[in-house]
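Dock chain B against the given chain A, drawing on the hints supplied.
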Amino acid sequence: MSGFLILEADGAGSHPAAWRASRTAPAAVLGPEQLRDVALAAESAGFHALSYADGPLPEGADAQARLNALQRAAFVGPLTHAIGLLPEVDTVYTEPFHVATQLASLDYVSQGRGGWLLAASDDAREAAAVGRSVADGDRRRAEAGASVEANRRLWDSWEDDAVIKDVDSGRYLDADRLHYADFQADLGDGEGYFVKGPSIIPRPLQGQLPVVAPADLVSEDGPLSPREVDAVLVSAPSLESLRPRLAEAREEFGPRSEGGPALVAELDVVLDVRGLSAADRLAALDAATPWASGRARFVGTAEKLAETLADLLGLADGVRLHPAVLDTDLPELSALTLPLLRSRNLLRPTTPGGAFRAVLGLERAVNRYSTEAARSVAAGTGAQA
Amino acid sequence: MSGDSTQGHSTQGHGTQGHTVADFRPSGQIQFGIFFQGVNSGTVWKTPEAGSQTDFESFRRIAQTAERGLFAAFFLGEGLRLREHLGRVHELDVAGRPDAQTMLAALAGVTDKIGLVATQNTTYNDPADLAHRLASLDLISGGRAAWNIVTTDNAWTGQNFRRGGYLDHADRYTHAEAFVKVAKEIWDSWDDGVIAGSGAAESWASGSGEGHVFARRVRHEGQHYSVDVVPRLPRSAQYRPVLFQAGDSPEGRDFAARQADVIFSAHPQLEDARSFRADLVERTVAAGRHPNELQIFPASEFILAPTEAEALEKKAWVRSQQIGPQQAIAFLEQFWGTSLSGYDPDGPLPEIDPVVEETSETRGSGFHGARARQLADQWRAEAKDKGLSIRQFVTAQSARRDATFTGSYQSVADHLAEYARDGVVDGFNISPWLIPTGLDDIVNHLVPALQERGVYPTEYRGSTLREHLGLPVPARD
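Here the protein sequences line up with chains A and B, keeping their order.
Under our numbering, think of the first position of the first sequence as 1, with each following residue one higher.
Under our numbering, think of the first position of the second sequence as 1001, with each following residue one higher.
These aren't lab readings, by the way, just hints derived from the structure by calculation.
Where a beta carbon is used, it is the ideal one built from N, C-alpha and C, also for glycine.
Misleading hints may appear alongside valid ones.
What the hints assert, rightly or not - If you only want the chain A side, here are some residues facing chain B, beta carbon under 7 Å, derived:
#: 1; residue: A27
#: 2; residue: P32
#: 3; residue: R66
#: 4; residue: L67
#: 5; residue: G77
#: 6; residue: P78
#: 7; residue: L79
#: 8; residue: E95
#: 9; residue: V130
#: 10; residue: V167
#: 11; residue: G188
#: 12; residue: E191
#: 13; residue: V195
#: 14; residue: P202
Extracted from the complex, chain A is given alone in its bound form (with noise of 0.2 Å):
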C-alpha cells in the first residue's frame, strides 16, 4: 500500500519561532516569491498536496502576519501542475455560499487540484470581527456540519452538463440541469439559517472538492459524519501514542473499503540539517518561543524520519508533515526523505493533470443529480481523473 504526503506550508514554518531561523527575511512570507519558491519546491520533491492555515495568529514576540488562506492556494494553482491544493478554510464565521464558489474557483484555477481543510473556529478574535458570539464544542461541529452540506449542495446544484450552448434554441444554459440548494441549516437551540442556490459557477472539475477534516469535528452520530468527509487528520501528542490513535481512528470511522474517510497522520518535523542536530536546532527555536503543537513530533535524520513515515503508512493513508523551518527542512525532506520512501514504493506517484480526488484514491464525484445515463459518463471520466 502506498499512502501520500501533505506538507504544512505556512508562513516560515509550523514552529512559532521559524522566522528567527529562516533564511529569507521576515516580511517575505507575505510576497509572491516565496509563495512559488515553496510551492515548486515541494512539487518537484513529490509531495501531493500543500496545506496552508489561516485564522489568527499567536501574541507576542511571535506575532506574525497572515495571508488569506485560499488565494495562496490558488496563487500557487497556475504555477504548479501536479500537487494538490489544500487551504484551510473556517466553516464558522464565513458564508458557505461564498466559501462553496471559492473552492469551487480554486478547483478551476488549479485544473481539479483544490481541497478543503476544513476549521471551525473557536477563536473569541475572530468571532469579534463579525460581531458574533463564539462557537462552543457542539457548535462548531454544528457549524462544521451545515458548511460541509451546504457546500456540498452547491457544488451539485449545476450537473456536469449544465451548460448547453444551443445555437437552435437560443439556450446556453439548460435550467432543468441547475438545482436550488434549498439547504436549511440547524445549529441547535433553533438556531439555523438557510440557502437557496444554485451556485453562481459551474460545479467543480472534481465535481466534489475533498474535504479534509480535523477529527474532533467528525463523528457518528454527530452533525458531520464520516461519510461526508474524504479525509480525516488524525494527531496525537507523541510518536507512541499516534500509532494506537490510528488505530482507533479506524475503527471510529470504518474502513476504506466501506466508505470510511482516509486517515492522515499529523507529525510535527525537525531535521538534522548542516552539521546541526535536529535536537540542537530546536532547542534553540524553543529557547525563543516553545513549539506546543500538541502533534506528535519527529526530531533526528531524513533517513530516520522516513523509517518512520514508513511505519506511519502502513496505520494510515496519508501523513501530513509540519517542517519547523520551512527553507531548512524542506530541502532535507526532498534530498532525502522522499526518495527513500519512493524507491520503497511507499509514495504513490504523482501525476500532472491528476485529480487531488485520486490522490486521496477517489474517483470522480458523480452528481447528486444526475440520471443513470449521466452517471455512467461520470463514472468513465472518473477513472480518467
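What follows is chain B alone, placed relative to chain A:
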C-alpha cells in the same frame, strides 16, 4: 513616460483642503481596463470562436493579452445569485463564473503588471473579512489589487446568505460608506516598516504600543454589524487597494467623490461624458479632495475593423448574436411577467397587458420599480409608430444604452484622442463581446494607433495599479 500632469498635485489625499474646480488637469492620456463580465447578454457565445467562460485558460489568455496592451486593470464582475426569468434560472445568456478574488489571486501568478479588480458586494460580506482578503490579494500581487464596490438591498440575493435581506434601499449607500471606512481603517492600521529586517530582531514586528503592538485595533459599532479586529496584514506596495465604484445617482456620485479612486459609470456620448466629468470634479472638490483624485473609466464596448464599412457590418453581426429571436422575446417577457413564446419575434409587440404591476428584480435591480403596464403602452405606441418588430424594437432599446465605439482603428483612435485631449475621461473599461480573443484587435491595432497619437501609455509607469493610474499615495484615515 508621458502624461504625468496629474503628478503635480499633493501626494496626500484625504483631508487636503482648499482645492478648487480649476485645479483639474487633463492628463492628455487615456488608459484601458478590461471588464470580464461573465454574466450578461453582451458576451457572444453562439459563434465557434467563443471560448469557455470558466476555464482558467480563458482568463489567463485575455489577462495576458490585456497586459501586452498595457491595460491598467483587469476587472471581474460579481453576482451573488443566478438571474432568473419567469421563475426559473435564466437560460439564454452566459452565466456561471468563478469567484473574483480567487480567480484574481491565480492571475496574479501569471501576470506582472496589470491591476486586478474584484467586484465585491458590501451587503453580503463582512467588512473585516473582505478587507483582509483584499489586503491578501494586494500583497500576493505586489500591490495590484483593487475593489470595485457594489451595493445591493436585494432580499432575493440575500436568500443565499445567513443575514438574508436586511437592508432598506435607502440605507444602502450609508451602509456601504460605513463599510468602506472600516475597510480603510483596517488597511491603514499597520505602521510602515514595523516588520523586522531579520530573524535576529527581538520580535517579528515592533510598534510603539505595549506588548509588541504594531497594528491599531479597529472597532465599529453600526446599525447592521459590529467589528472589533486587530488587522492581520501590513500595507502593500501601493499602500491599500484602489477603489472603483459605479454609482450614478446623486448619492452614488457623492459616495464615489468621498471614497473612491475611480468611477466607471457609462456616459457614452461625448457631451454627456463632459458634463459628467464637470459634475464629478465639483463633487470631488466639495469632498475636500483634489479633482484629479477621482478618475473616470466608463464601461464601454468596442467593435473595430480595418474600415468603417466593415466595422458597421461587424456591429450588425455582433448585435444579431447578442439579441437573437429568443433574447428579444425574453426581454419583453421580463416586463410582461408572463410567457410570450407564442409571439413572433419578427411580428408586432404583444397586444396583451403585463400580468404584474412592477417588474421583478430577479434579472437585476435595473428593472426594479418600472411600472409595467404604462411601459407596455408606451412601447407598443412607439413600435407601431416606427413600424418596428419585436426584434427590431428590442435591438433599438439596447442601442439607447449603447456605450459602443464602432469604426475603423484609425477613426476610433482619432475619436478617443479627443476624449484624452479634453480630459473627458481617464480611460475606458472595455467589456469584450468575445471571450477570450475579444481584446486581440484592440491590442494589436487600436493601441498602436493611440500610441502614435501620443495619447496612450507606451510602458507601465511602475509596478502597482496606483502607479499605473497616477493616483496619489493615500494618507492614513
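Quick rundown of the hints versus the structure:
1. A27: holds, 4 Å
2. P32: Holds, about 6 Å.
3. R66: For A/R66, the interface hint holds, since the closest Cβ of chain B sits about 6 Å away, which is under 7 Å.
4. L67: holds, 4 Å
5. G77: holds, 5 Å
6. P78: holds, 5 Å
7. L79: For A/L79, the interface hint holds, since the closest Cβ of chain B sits about 5 Å away, which is under 7 Å.
8. E95: It holds, given that the least Cβ distance between A/E95 and chain B is near 5 Å, below 7 Å.
9. V130: Check passed: Cβ of A/V130 comes within 4 Å of chain B, closer than 7 Å.
10. V167: Constraint on A/V167 satisfied, holds at 5 Å.
11. G188: Given a least distance of 15 Å, the restraint on A/G188 is violated.
12. E191: violated, 10 Å
13. V195: It holds, given that the least Cβ distance between A/V195 and chain B is near 6 Å, below 7 Å.
14. P202: Given a least distance of 4 Å, the restraint on A/P202 holds.
The structure fails to meet hints 11, 12 from the earlier list, while all remaining hints are met.
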